[in-house]
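Chemist: Residue numbers (the numbering used here), protein chains in the order written: chain W, 1 to 113; chain D, 1001 to 1249.
Honestly, the hints are just simulated from the structure, not real lab data. Hints are supplied without guarantee of correctness; some may be wrong.
With a straight-line Cα cutoff of 27 Å, these simulated DSS-like cross-link-like pairs (lysine-lysine) come out [as the list claims (entries may be wrong)]: (1) Lys1024(D) / Lys30(W); (2) Lys1081(D) / Lys1243(D); (3) Lys61(W) / Lys1024(D).
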Amino acid sequence: MHELAIATSIVDIVQAELAKRSLTRATEVKVVVGELSNVVPEALEFCWEVATQETPAAGSKLVIETRPVTAECRACGHRFAVENYSFLCPACGSGDTQQTGGNELYIEHLLAE
Amino acid sequence: MPKGALARAEGIVVQWGQALEEEKAVEINLQANVLGANAAIAQGLREEFARRGVYSINLISSPGAGKTTVVERLCALLKDKVRLAVIEGDITTSLDAERVARYGIPVHQINTFGGCHLDARMVERALQSLDLEGTQLLLVENVGNLVCPADFDLGEDAKMVVLSIPEGDDKPAKYPATFRRAAAVLLNKIDLLPYFRFDLARVKRELVAMNPQQRLFETVATTGQGMDAVVAWLVDEVQRKQKAAGITR
Chain W
1 MHELAIATSI VDIVQAELAK RSLTRATEVK VVVGELSNVV PEALEFCWEV
51 ATQETPAAGS KLVIETRPVT AECRACGHRF AVENYSFLCP ACGSGDTQQT
101 GGNELYIEHL LAE
Chain D
1001 MPKGALARAE GIVVQWGQAL EEEKAVEINL QANVLGANAA IAQGLREEFA
1051 RRGVYSINLI SSPGAGKTTV VERLCALLKD KVRLAVIEGD ITTSLDAERV
1101 ARYGIPVHQI NTFGGCHLDA RMVERALQSL DLEGTQLLLV ENVGNLVCPA
1151 DFDLGEDAKM VVLSIPEGDD KPAKYPATFR RAAAVLLNKI DLLPYFRFDL
1201 ARVKRELVAM NPQQRLFETV ATTGQGMDAV VAWLVDEVQR KQKAAGITR
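Same shape as in the complex, but just chain W:
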């Protein structure tokens, strides 16, 4: 359900962009998905064909790049890859950390004609 809504939302944005530039067809859409974005790449791919049907993105290729969860410690400045969803700083143990990656959910580019 959720991934279909996401796929539809991507198609809406692509369609608006094509119209703005007087282009008729998208051939490739690249999406960046963070590992903590709640979007399952496989499910999104599965929904892509359905969501693009009878739209200018029909038959287009969906390219998904996943991004890891990363954070930065405010106490010691250490930047780290978050493992097992633990945002405690592995260097100094502080809980005062800020997430720097992993929530991404955006369209990076599209190929159109």
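Please arrange chain D on chain W, whose structure you already have, making use of the hints.
Modeler: Here is chain D on its own, set in the frame of chain W:
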């Protein structure tokens, strides 16, 4: 060169140009937020809440964790302390709104008719029939679901997640995005701990690691056990928000 040959050559060049035009795929660098439309509406709501000094909670849990009972208990405990309003989100029925209305609290029921989460537009529409004038605290009860609601910003100040003991101690690990984004977690039905295999220490450890700034409450919404701490936190946040908006009462 004979005229005919030149015309033919020109024709070939034109055709070649058209072919090039057709083959040329344009790369458009977009960098567009997939949930941008929702984010824009949520930002509008956030600004309105800030202007009015309304502290807003997005209440998330699985079905049956006790969200509505938490809302009811908060209504009973808070109604003499702060002016609150409630938005109820459900796939269908107005059962929850009816439960809340008994406390004399302004309430609006959203039905998503199959939708698994609330989005900012639904809240925006709900606010057309729910007058925020004078409201200090807005509780928005999302559709029972631990996945999608966390992704749709409703302009709230804080996400509050209810995890009940019978659901099992694996929920934070299974739904990390939701628990990571929760400013507060209520471990509800905590009185049932003796009857379930629920490793409380492990859950607490996992929650602290996921979000070290998170507030954790152990509650029994039906009896009110542990709810005073939740109330104290909310009253504090409401006062801060009202002050930031320059409202003194």
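Chemist: Mind checking the alpha carbons of Lys1024(D) and Lys30(W) for me, to see if they're no more than 27 Å apart?
Modeler: 18 Å, holds
Chemist: Starting from Lys1081(D), check that the Cα of Lys1243(D) is at most 27 Å away, please.
Modeler: 16 Å, holds
Chemist: Given the hint that Lys61(W) pairs with Lys1024(D), does the C-alpha gap stay at or below 27 Å?
Modeler: 17 Å, holds
Checked against the numbered hints above, the structure violates none of them.
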